[in-house]
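Asks: In my numbering, the protein residues as written are 47 to 292.
Derived by calculation from the structure, the hints in this document are not laboratory data.
These numbers come from a predicted model, not from an experiment.
Mixed in with the good hints there might be a few duds.
What the hints assert, rightly or not - Lysine to any residue pairs mimicking SDA-like chemistry, simulated, CA-CA at most 25 Å apart: (1) K73 to L232; (2) K204 to N216; (3) K204 to P134; (4) K73 to A92; (5) K203 to D226; (6) K203 to D132; (7) K204 to S189; (8) K204 to S183; (9) K73 to A59; (10) K203 to A92.
Unchecked claim - Ranges between beta-carbon positions, derived for each pair: (11) P134 to A157: 31 to 37 Å; (12) L237 to A49: 35 to 41 Å; (13) D89 to D248: 37 to 43 Å; (14) P134 to A63: 23 to 29 Å.
Note that CB positions come from ideal geometry on N, CA and C, so glycine has one too.
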Amino acid sequence: MSAPLDDAALLVAELLARRWLPRQHPKVRRALIDADLWATVQDRLAQVGLRLVDNLHADHVAVALLRPAESAVFGEAGLNSHNNIDLPRDAVSLLVVLWSLIILPKRERQAARARGAESDGQNEMFKTDRPMPSAASVSGIVSYRSLLADFGVQLGKKTRMDGNLRRLANHGFIVFRGDDISEGPLLDLLLDYDTLAPRILDGALGDVLTQARAIAPPAHVVVEETPEDDDGEELADDTANDSQPD
Numbered sequence: 047m048s049a050p051l052d053d054a055a056l057l058v059a060e061l062l063a064r065r066w067l068p069r070q071h072p073k074v075r076r077a078l079i080d081a082d083l084w085a086t087v088q089d090r091l092a093q094v095g096l097r098l099v100d101n102l103h104a105d106h107v108a109v110a111l112l113r114p115a116e117s118a119v120f121g122e123a124g125l126n127s128h129n130n131i132d133l134p135r136d137a138v139s140l141l142v143v144l145w146s147l148i149i150l151p152k153r154e155r156q157a158a159r160a161r162g163a164e165s166d167g168q169n170e171m172f173k174t175d176r177p178m179p180s181a182a183s184v185s186g187i188v189s190y191r192s193l194l195a196d197f198g199v200q201l202g203k204k205t206r207m208d209g210n211l212r213r214l215a216n217h218g219f220i221v222f223r224g225d226d227i228s229e230g231p232l233l234d235l236l237l238d239y240d241t242l243a244p245r246i247l248d249g250a251l252g253d254v255l256t257q258a259r260a261i262a263p264p265a266h267v268v269v270e271e272t273p274e275d276d277d278g279e280e281l282a283d284d285t286a287n288d289s290q291p292d
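When you get a sec, could you build the whole thing from the sequences and use the hints?
Replies: Rendered as structure tokens:
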């Protein structure tokens, strides 16, 4: 008879089974405030070449490979590849575009709200730490129609882009429902903001994204229309179902 699992083992098991967990999950919430439990979870994961990925700007936590384990798992060819989850190049390009359209504005809104809260707190007699605004409260929505119009030619046109949207949703990077493309659990966890943001903002894509965001509808506006193409509707419905954790 096996010994009962402790809290750290149960959290690790659930992370491995579900790939990601919301920060509001009871086990995750406890680990975030219990330094000993957090350290134990990281130690258990490190024993098998993994690490717990957490980000104050994201609403989920996940696991990823430790750097020393990457070469053993993927080999030199995998490390030199543009990605290690078998995404085609145009899917990686689509991922970067969506990350730029969703995560960059979200981070700006979170920073602005945090500064506003800090300014308001200066007038309070008893200061309290205010949490970072959740991703769900400030993360914008990208219109499928606008994305297709602005980047469809560069990203392989409708059929190819639809297939890549399905791939990104299945990997947990986005949620795709109807005409709305929104942040998935892993979009702000597995892409390195500090590395990627300067390259985008200072590169050619920065100007393109600025123009696209300038003509896009406000983030809080929900577009009720769905793509007229029957295949597009089927793709959106299938993707929404596939992207749910088991």
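Asks: Decide, hint by hint, whether the structure agrees.
Replies: Hints versus structure:
| no. | hint | in the structure |
| --- | --- | --- |
| 1 | K73 to L232 | holds, 19 Å |
| 2 | K204 to N216 | holds, 18 Å |
| 3 | K204 to P134 | holds, 16 Å |
| 4 | K73 to A92 | holds, 19 Å |
| 5 | K203 to D226 | holds, 18 Å |
| 6 | K203 to D132 | holds, 20 Å |
| 7 | K204 to S189 | holds, 14 Å |
| 8 | K204 to S183 | violated, 30 Å |
| 9 | K73 to A59 | holds, 11 Å |
| 10 | K203 to A92 | violated, 42 Å |
| 11 | P134 to A157: 31 to 37 Å | holds, 34 Å |
| 12 | L237 to A49: 35 to 41 Å | holds, 38 Å |
| 13 | D89 to D248: 37 to 43 Å | holds, 38 Å |
| 14 | P134 to A63: 23 to 29 Å | holds, 28 Å |
Comparing the model with each numbered hint stated earlier shows that hints 8 and 10 do not hold.
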